[in-house]
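2 protein chains.
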Amino acid sequence: MQNTRISIITIGNELINGQRIDTNSVWLCRRLSEIGFDVAEKFAVGDDIKDINECLDFAAAKSGVILITGGLGPTDDDITREAVAEFCGVELQFNQELFNAMSEYFKLRCINMADKNRCQSFLPATATALANSCGTAPGFMIAKHDVKIFAMPGVPSEMKAMFESGVVPQLQSLINGKIVVCRKLKCICIRESSRAEKIGDIMQRGQNPLVNCTVSNSVITLYIVAQAKTEQAAFEIADDTVGRLNKLLGEYVFASGEQELVDVIARRLLEKSHKLATAESCTGGLIAKMLTDVAGSSGFFEYGWVTYSNEAKISQLGVSRQLLNEQGAVCADVVRQMATGALKQARSDYAIAISGIAGPTGGSDEKPVGLVYIAVCDKNRCVVEEKMYPAGRDIFRIRTTTAALDCLRRNFL
Amino acid sequence: MQNTRISIITIGNELINGQRIDTNSVWLCRRLSEIGFDVAEKFAVGDDIKDINECLDFAAAKSGVILITGGLGPTDDDITREAVAEFCGVELQFNQELFNAMSEYFKLRCINMADKNRCQSFLPATATALANSCGTAPGFMIAKHDVKIFAMPGVPSEMKAMFESGVVPQLQSLINGKIVVCRKLKCICIRESSRAEKIGDIMQRGQNPLVNCTVSNSVITLYIVAQAKTEQAAFEIADDTVGRLNKLLGEYVFASGEQELVDVIARRLLEKSHKLATAESCTGGLIAKMLTDVAGSSGFFEYGWVTYSNEAKISQLGVSRQLLNEQGAVCADVVRQMATGALKQARSDYAIAISGIAGPTGGSDEKPVGLVYIAVCDKNRCVVEEKMYPAGRDIFRIRTTTAALDCLRRNFL
Chain A
4 MQNTRISIIT
14 IGNELINGQR
24 IDTNSVWLCR
34 RLSEIGFDVA
44 EKFAVGDDIK
54 DINECLDFAA
64 AKSGVILITG
74 GLGPTDDDIT
84 REAVAEFCGV
94 ELQFNQELFN
104 AMSEYFKLRC
114 INMADKNRCQ
124 SFLPATATAL
134 ANSCGTAPGF
144 MIAKHDVKIF
154 AMPGVPSEMK
164 AMFESGVVPQ
174 LQSLINGKIV
184 VCRKLKCICI
194 RESSRAEKIG
204 DIMQRGQNPL
214 VNCTVSNSVI
224 TLYIVAQAKT
234 EQAAFEIADD
244 TVGRLNKLLG
254 EYVFASGEQE
264 LVDVIARRLL
274 EKSHKLATAE
284 SCTGGLIAKM
294 LTDVAGSSGF
304 FEYGWVTYSN
314 EAKISQLGVS
324 RQLLNEQGAV
334 CADVVRQMAT
344 GALKQARSDY
354 AIAISGIAGP
364 TGGSDEKPVG
374 LVYIAVCDKN
384 RCVVEEKMYP
394 AGRDIFRIRT
404 TTAALDCLRR
414 NFL
Chain B
4 MQNTRISIIT
14 IGNELINGQR
24 IDTNSVWLCR
34 RLSEIGFDVA
44 EKFAVGDDIK
54 DINECLDFAA
64 AKSGVILITG
74 GLGPTDDDIT
84 REAVAEFCGV
94 ELQFNQELFN
104 AMSEYFKLRC
114 INMADKNRCQ
124 SFLPATATAL
134 ANSCGTAPGF
144 MIAKHDVKIF
154 AMPGVPSEMK
164 AMFESGVVPQ
174 LQSLINGKIV
184 VCRKLKCICI
194 RESSRAEKIG
204 DIMQRGQNPL
214 VNCTVSNSVI
224 TLYIVAQAKT
234 EQAAFEIADD
244 TVGRLNKLLG
254 EYVFASGEQE
264 LVDVIARRLL
274 EKSHKLATAE
284 SCTGGLIAKM
294 LTDVAGSSGF
304 FEYGWVTYSN
314 EAKISQLGVS
324 RQLLNEQGAV
334 CADVVRQMAT
344 GALKQARSDY
354 AIAISGIAGP
364 TGGSDEKPVG
374 LVYIAVCDKN
384 RCVVEEKMYP
394 AGRDIFRIRT
404 TTAALDCLRR
414 NFL
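So the sequence lines, in the order shown, correspond to chains A and B.
Residue numbers for the first sequence follow the numbering used here, so the first one is 4 and each next one is one higher.
Residue numbers for the second sequence follow the numbering used here, so the first one is 4 and each next one is one higher.
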């Protein structure tokens, strides 16, 4: 049986001199565990043929699959092609098809292709190219004895696209008999310990399904990984646990699968043909940015204001000057007026408004850094929430955005 | 002479199943390069004695120093002590001093020490303990032949404190005389490869200084790493190359050091006490979001509009309905009107406006997905740029934002 243990090698001087955090291998590890593969270990090496070769040797001794990222660009320090060719004992070969595809890529963008890029059309002789749908650097796949080696670019978007389209199908053809499936549940972070304790039992190790979780930006993602002889049996095992988790977590669950909170909001708004407007102070456009991350967002989003100063709140949204003078910009009444002002101006069905103190400065004893007011309204009512997120400017802004979108979801959609 | 190449091994299942991003090794790499050490490579392995031992073997063959983080806690999966003892061919030994120090630690905090913690008082027989000033897990130092191994806890605060107090002095005693310094230059990317041709010679391997680069979001960061006997001499070597690079890259260089493009914009606006307004269509608030990522952005940013629909462009920014009907929203005249409309409404010194086709849909033969118009104006003039970024919605939006901010920087600040 094929050895399906996997080693990951990330290549680049920037990875071992502390200049860059390697997120590629983290993403790969997560995706691999979702589709049922064990990662034996990860390496990071510099742009050095000897070091790369030694790592390949070491990895090939224990793993049946080696995934490489990085070092496929057009510059002199990009030597992954050479290193893998040497490891496999083959020459680099010019590939006319790759060259044509790359020429086309540049032509489409009205850019003269630099001579340097020509080196990207060379591959180890026995390798098969993996198409790069997002950039110029092609990846490749090559075998040495029983070990399959996949080389992908270091640019995360390019690597991810290539992994999904070119590598996953190859990996899946390597497993025989054991089917692993993964369901996901996403919920808003809850502090209620009784719920957390109940989930605790479900998350104990050594069970089938195995339940893992990650927490990011106030969102918990639960991974329910089940194994069985058939896909159907595996899904049945997973779905039983998904049902239990759904019951325990209730309204805090906002999605199963890949959807982000903003995708759920987008889908519900589009289904209803309803429009949402935003009026942001401390989040500074982040909510609008997240809504418009969604392709097709023009179907539900037309108007957003970033009213960072009091004058902007007054002139653009009709917030009362007296109210601002008396209570300041960070209070329930101001966000309420911002939301209703935005709703009216945009003639939208819903509006979200935010005002708070992101920090690091601008706080007081009465209104400390981290305090934020969120208002969500439709034409009949306005829900206002007060939150406290004193964990630094970036986290404050992200948590506020999540809380605001979730307030809309739970109360109006 | 002592081999001072360093390998780093991070230990923990959470590092190879995608649950955790390893920041420890990034921090260590940066600190090591600051104090003049080369990292040969990094490994991440799970909590498995055999895997750890194989990594130690591999690392010991090329490096004179091995730094380990993680696996020193009190739970069953913490097996670094056992693994290193086995690798060095020695037994674990109870250390009464460590046990006393740990008992004291718990006593001070009025916590009953759990039996589990007792295992943390065991060390490989020939090891020397490294004190943990921030927690219970002691580290240790041990030698196998010429290779020095340092084991530190995985908790970042504990690891950092132990590295500085217990490891750095040991490392410094290994070097004789070599000082390493690093300068950075950041510049806007036209095409990586055309730039690479200009600066290719400077980036060749095996030189002093060594020049590396990373590319992210249309920004190239160049690292100029120089070595010499004294710090002053090393900086002289680095600065000479910085000067050459500055000359070659000209106005595309926007910062030296840690500053991002948006920080440079913020600083220049604050220095002049000038205000910037934004009027965004396809970037959907991303520019406002990036500007307000900067702490203190209320000093230069007050008004932002996300005018995603034509109606919003007309009602909020005064764009001509006739123009929109005749030419559509994506054209030079519309962004010009958006920018001047925002400037007027906000009474700001500069305004940025964006209109384009982020995709994936909405393109046509005449105006394909990826086409974007950028306008930047002050009260005297308006600069309009047409760009083509057909690399997917996210990258389109990021590149457009970088291009718009850079257009402001080059033409107005």
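Watch out, some of these pointers could steer you wrong.
Since copy identity is lost for identical chains, a pair holds within one copy or between any two.
Result set (DSBU-like, lysine-lysine): computed pairs, CA atoms no more than 35 angstroms apart in a straight line [what the hints assert, rightly or not]:
#	residue 1	residue 2
1	Lys382	Lys119
2	Lys189	Lys147
3	Lys163	Lys65
4	Lys65	Lys189
5	Lys390	Lys370
6	Lys275	Lys163
7	Lys347	Lys110
8	Lys65	Lys275
9	Lys232	Lys347
10	Lys250	Lys187
Bear in mind the hints are in silico, worked out from the structure with no lab data behind them.
It should be emphasised that the depicted structure is a prediction, and the values quoted were computed from it without experimental measurement.
Evaluated hints:
Taking the shortest Cα distances, Lys382 and Lys119 never come within 35 angstroms of each other, neither inside one copy (60 angstroms) nor across copies (43 angstroms). In this assembly of identical chains, the alpha carbons of Lys189 and Lys147 never lie at most 35 angstroms apart, being 41 angstroms within a copy and 40 angstroms across copies at closest. In this homomeric assembly, Lys163 and Lys65 come within 35 angstroms of each other (Cα to Cα) both inside a single copy, at 25 angstroms, and across copies, at 32 angstroms. Only within a single protomer do Lys65 and Lys189 lie at most 35 angstroms apart by alpha-carbon distance; the minimum there is 34 angstroms, versus 41 angstroms between protomers.
When the C-alpha separation of Lys390 and Lys370 is checked against a cutoff of 35 angstroms, the pair qualifies only within one copy, where the shortest distance is 11 angstroms, while the shortest distance between copies is 44 angstroms. With identical chains, the CA atoms of Lys275 and Lys163 are at most 35 angstroms apart within one copy only, with a shortest distance of 33 angstroms there and 43 angstroms across copies. In this assembly of identical chains, the alpha carbons of Lys347 and Lys110 never lie at most 35 angstroms apart, being 47 angstroms within a copy and 40 angstroms across copies at closest. In this assembly of identical chains, Lys65 and Lys275 lie within 35 angstroms of each other by CA distance neither inside one copy nor across copies; the values are 54 angstroms within and 61 angstroms between.
For the identical chains of this complex, Lys232 and Lys347 are neighbours neither inside a copy (58 angstroms) nor across copies (68 angstroms), given an alpha-carbon limit of 35 angstroms. Proximity of Lys250 to Lys187 under the C-alpha cut-off of 35 angstroms is restricted to the intra-copy arrangement: shortest distance 15 angstroms within a copy versus 52 angstroms between copies.
In this structure, the hints that do not hold are numbers 1, 2, 7, 8 and 9, in rising order.
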